[in-house]
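S.K.: Residues per chain are reported as follows:
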Amino acid sequence: MTTEIEVSLYVLVLAVPLGLELVRRVSPLLHTPLMSLTNAISAISVVGAILVSGAEGSPALSKTLGVIAVMFATINIVAGFLITDRMLKMFKKKEGSK
Amino acid sequence: MNDSFWQAAYIIGALCVVLSIKWLNSPATARRGVFAGEFGMLLAIIGTLLRAEVVDYQWIFIAMIAGSAIGAPLAYLMPMTSVPQLTALSHAFGALAAALVGTAEFYNDVAAGEPTTGFKMVAIVIESLLGYLTTTASLMAFGKLQELVPTRPMTYKGQNIINLALFVFAAVLGVWMVLMPAPPWVFPAFIGLSLLFGVLLIMPIGGGDMPTVIALLNSYAGAAAAAMGFVLENKLLIIAGSLNAASGFILSVIMCKAMNRSFSNVLFGAFGQAQTTSAAQAQTKPVKSATPEDAASILESARRVIVVPGYGMAVAQAQHKLRELSDLLGKKGVQVDFAIHPVAGRMPGHMNVLLAEADIPYDRLFEMEDINQDFAECDVALVIGANDVVNPAARHDKTSPIYGMPILDVDKAHTVMVIKRSMNPGFAGIDNELYYLDKTLMLFGDAKGFTAEIVKELSAHK
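Chains as they are written, first to last, in this note's numbering: chain G, 4 to 101; chain F, 1116 to 1577.
Please note that a few of the clues may not be correct.
Here are the computed lysine to aspartate or glutamate pairs in the EDC-like style, where the Cα-Cα straight-line distance is at most 20 Å [unchecked claim]:
1. G/K66 with F/D1474
2. G/K66 with F/D1171
3. F/K1235 with G/E9
4. G/K95 with F/D1474
Rather than coming from a laboratory, the hints here were simulated on the basis of the structure.
The shape of chain F in the complex, shown without the other chains (with noise of 0.2 Å):
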């Protein structure tokens, strides 16, 4: 086969790469690029499979075959919930991918007895330095979030300076590495040093930095792909992987203005730390608390109602039942919008996820910024298990550890009310002024079990 056939399948695929993002830009055209996505990968491996320096298939197919088997019950199989995880794991692979690729390469041209330097061992330390970090910063990120590993964070005297001193390491190898055949221990210690640094990179991060955190690594596994690219000269790769890049970056950037952190108190801020003393004060406070038949009642001589989810409805699995309600105050004539934080949920639009999974159309899911303005007019703001994206402290009160952060202005509805456990302060321990308003209404219960009480009641009103 000659060369012309893998460079137009490149070419054709890379334009496949751009297409596809630009079709995901609205529901309507997303599936589409799904499918651009896939013809592009497509391409991309059949053209690479008719290069004539392939010659050896038998073991790329089982490979291939092997992933697929592992690949497919994988997304069939994980919960909607769990998406973030999947990701995380999904990540880890491909960081593998790349980092080994770096690695093999390494090795073929000290095994061909010209070590690498220069600008292609800058590309290879790159490659490598971002893929091993990546995988086992992944792995830590899956871990937190399936609970494996504990998802406080996880601090020690001297932590930001032992990171730092392992991570100049692992650099002045690199640049040894670059400047000059170095002694064969130094591309081992560079590997183990980057495995290392990724699982010390997430241990301080709390598990409500997760959606920041991987988005992050999705940036990371684009700019070892590309790095790549830069290995092998191939611009299909480097094309793919800066696109990827860029994307993880700009989504990072969006949580943490959701959140009004920079990157590096995600990073090395080990948040939750300091609220605990906040948080004391809590249970005296008298809160008012209502029965699911008055929430019923209140519910349905409303005009508008706003819903403001959060994970924890999605934990308790109670999207469910609120699109029963949302349904049947539909019927009643009752306007039921539904409001989206940035972080609601373990990753970007997380939220639009489990809620479309529940079946409620997405032209009533809203933006923050699309919304907001919309609570002074509202009748009542539902809030079910949401807590610090809904507290006003954030607006007003300087000593509060999420002062700045964006929220939703809940407060400004006629009536608030908040399905909750108990008052127990949320993950962060941080109180909710929110709760001990006039016009709020605490409805004490599991989200799924008191939504489904609030169902029972309306439909016996019929």
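Okay, chain G solo, but in the shape it has when bound (with noise of 0.2 Å):
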């Protein structure tokens, strides 16, 4: 029978190859922007913390917990998009052209 941790063992095994052979194609000249952005995916972790902080009946600690979570993980996603896109905005082929 499988199991849920069957199946998410499954989604790591998948997910961590295809991570390595899409990074290992990113130019160098974009490794800066890359790591941004992964920063920012990292925070994805934000969706435990919405469900720690939002549920009905968790305890107080928990939710006082989650609360932060939710913040400095929006932290996270905010300053990590920006800065990216910030960056590669810079990026350009010819002079002047825009």
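Both chains come to you apart, so use the hints to assemble them.
M.R.: Structure, rendered in structure tokens:
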């Protein structure tokens, strides 16, 4: 029988090589934007933070931790995406053309 | 709202995350990549907010508004030289969020009267360990990059043994909690150890190794998010987290290769210790120096010039003057290219961003392996603020601490010009034999000031 854990492990086993392949193709020119973008993506943990802080009847401690986590994750998301876009805007092919 | 909505949102979100990284492979599609990432994140957040379990919105919205209010100015006000610091700080926030969620999950189960053990606890232990460790380690890296903490490696006797002992202790506590419900003090102790371990991990690492470390912390932050995916049985978190972990891992491997060092050497080697001896005899040998006028006329009569910028150039804020120089030379029919060493700058690819900020078109920027063979045919190699990455000792001097590190072969150019403040050996304290070659002209001065003077000379010749 396939359990939830087993499915999760399959996902992991597929996602890691996919990530390795995708990142290997990124031009070294863009390694800094790549890092800030993946940094923003890692803040997907905001999903967990929302679930913990928004759930009905969860203890006050968990709720508080969750709300703090939502704030930190949001800082991470906003700063990560904005700085990535700010950097990529600067990459131009020819002088003068925008 | 029924379950299929958020499930669909998560699946599309996961696809967006994958596409986002795929589109980042070339500058032409990169901004589309950012958009895909943002869209994926938005779907994930909206999907989650609409889940039936989430009933309490007020505090979530307040936290989100506060987070945006802090995050946006951070991203817009940080100068481009500080992108590594911002990334480190951002890692700390993200990792802390993951760690707090792990902690909350743990205490939820405690409060429900059924402390977690087994597989879910394995995931919580990994999530909390990586989360807390990455938080303090990233803050330390931020401190070192911002020079709030001494950038020199801080070492003491038995450091590695103490670190290892701490890690083993934390691991024992972790295993204990997985196998059986442990006493209430165990989880807080585990958190404390993880936080402490993060600090100790970064202490012995020198400023020069920060590119590798930031990439590694990026990887840990991703792994923590993936572990959270296992705790919450959420596939989107597993996918996004492991993509991020893979990305950070590859980048740190690339950085290690660019410095010819192994992971363990970066983490435990305390770079910058052994070399102080070789730096002593530096000032005695003769060097040739030149004035801005000389430099301008040599550059003007060249056909091809390759500029090698290093972090020193960025510190001096010389990149805008450098662009003026390359524009002027371009108008005079000189081909000007830029050779970028993988570890130029403070994080992977940092130098490209700094030059792009100065409006230097990216098709003039070349990676080391693409341009190294061209040095033999170029008339002038102009080195600005780079040192170790152009030291020929890395090729032949087995006693040199940088022996084996891939370098830019500037010594093969017809003429080498080095803009440098003085003959003081650089941060790593390694003497550079390039400076004593017959073909090398030392241009003593501030990178920005000297470049400006060359620019002035060149425009006067018009």
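S.K.: For every hint, state whether the structure bears it out.
M.R.: Checked hints:
1. G/K66 with F/D1474: violated (47 Å)
2. G/K66 with F/D1171: Given that 20 Å is the threshold and the Cα spacing comes to 10 Å, the pair holds.
3. F/K1235 with G/E9: holds (13 Å)
4. G/K95 with F/D1474: Answer holds: G/K95 to F/D1474 is near 7 Å, not above 20 Å.
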